[in-house]
Amino acid sequence: GRLLVETDAEVWAARYVINATGTWRRPFWPHAPGGETFLGRQLHVHDYVSAEEFAGQRVVIVGAGISAVQLLDEISRVADTFWVTRREVTWDAAEFDTAARIAAIAGVEERVRRGEPPGSVISVTGQHRTVWSESARARGVLVRHPMFTRIEPDGVRMPDGTLERAHVILWATGFRADIGHLAPLGLRTAAGGIRVANGRAIDEPRLFLIGYGPSQSTVGANRAGRDAVRAIVADQAARQPAKESDISPTDPAIATY
1 GRLLVETDAE VWAARYVINA TGTWRRPFWP HAPGGETFLG RQLHVHDYVS AEEFAGQRVV
61 IVGAGISAVQ LLDEISRVAD TFWVTRREVT WDAAEFDTAA RIAAIAGVEE RVRRGEPPGS
121 VISVTGQHRT VWSESARARG VLVRHPMFTR IEPDGVRMPD GTLERAHVIL WATGFRADIG
181 HLAPLGLRTA AGGIRVANGR AIDEPRLFLI GYGPSQSTVG ANRAGRDAVR AIVADQAARQ
241 PAKESDISPT DPAIATY
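To convert, note that position 182 of the sequence shown is 182 in my numbering; the numbers rise steadily by one, no gaps.
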């Protein structure tokens with residue numbers, strides 16, 4: 001049988017689907033009480049352009065990952081910054097070398113094989129010292145504060161009751177897998193993820209997920225894409241020669257989304 005792929009333009013029947021939607025279209029915005037009352041600007045790193053647009057302002061940066069630290073370093077050069085995270089940041093002094101990368105990838109592979117969500121990048125890699133963290137540290141701006149309890153019109157209310165005034169709240173809170181369109185396949189597990197092994201859905205082997213789990217990086221996605229095509233070619237080679245009635249000139253064998 002084939003998978004039916006419905007688009008705004010047409011409908012395709014495909015023997016295989018390579019889903020390469022990644023995470024970029026699903027920035028994660030945590031719910032914060034009072035967020036709708038804020039009179040300043042709120043944006044996600046998805047929409048960040050440059051530090052210059054915040055010159056002379058006070059910017060609250062939310063998040064504990066690499067992006068948060070990098071943008072803290074950049075923005076603090078032209079603006080007053082205030083960095084908050086849900087948990088204390090633990091800095092890993094060990095170098096994030098090849099062995100560490102392999103171990104991190106293996107951990108994510110095991111998670112998605114069990115059908116668990118891939119998790120955030122920082123939850124897998126840990127927070128390592130970088131040129132951005134050390135630059136911010138040297139200038140005295142790498143100062144972490146606890147997460148605020150609510151957002152108010154003029155800023156954020158801290159756990160101790162003080163108000164930290166702000167013109168901008170920048171959410172560096174990561175992304176989630178953009179796989180909502182796959183819901184009709186019923187592949188979500190009770191844990192919330194899709195069971196995947198070697199880039200292929202375990203419960204629907206006609207589906208490949210590129211940019212999901214261990215292939216979320218650009219390099220990883222490129223490699224996983226090549227592996228998916230090789231797997232499809234191998235499958236096709238193993239098939240018996242198709243009957244003429246099984247071949248349609250208008251239906252592709254592979255649909256890439």
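A hint or two may mislead.
Restraint ranges, calculated between C-beta atoms of paired labels, are given here [as the list claims (entries may be wrong)]:
| # | residue 1 | residue 2 | range |
| --- | --- | --- | --- |
| 1 | Leu163 | Gly56 | 43 to 51 Å |
| 2 | Thr189 | Arg25 | 16 to 24 Å |
| 3 | Asp80 | Ala103 | 32 to 40 Å |
No lab work stands behind these hints, which were simulated from the structure alone.
Ideal Cβ positions, reconstructed from N, Cα and C, are used throughout, including at glycine.
Quick rundown of the hints versus the structure:
1. Leu163 with Gly56: 43 to 51 Å: 20 Å, violated
2. Thr189 with Arg25: 16 to 24 Å: 22 Å, holds
3. Asp80 with Ala103: 32 to 40 Å: 39 Å, holds
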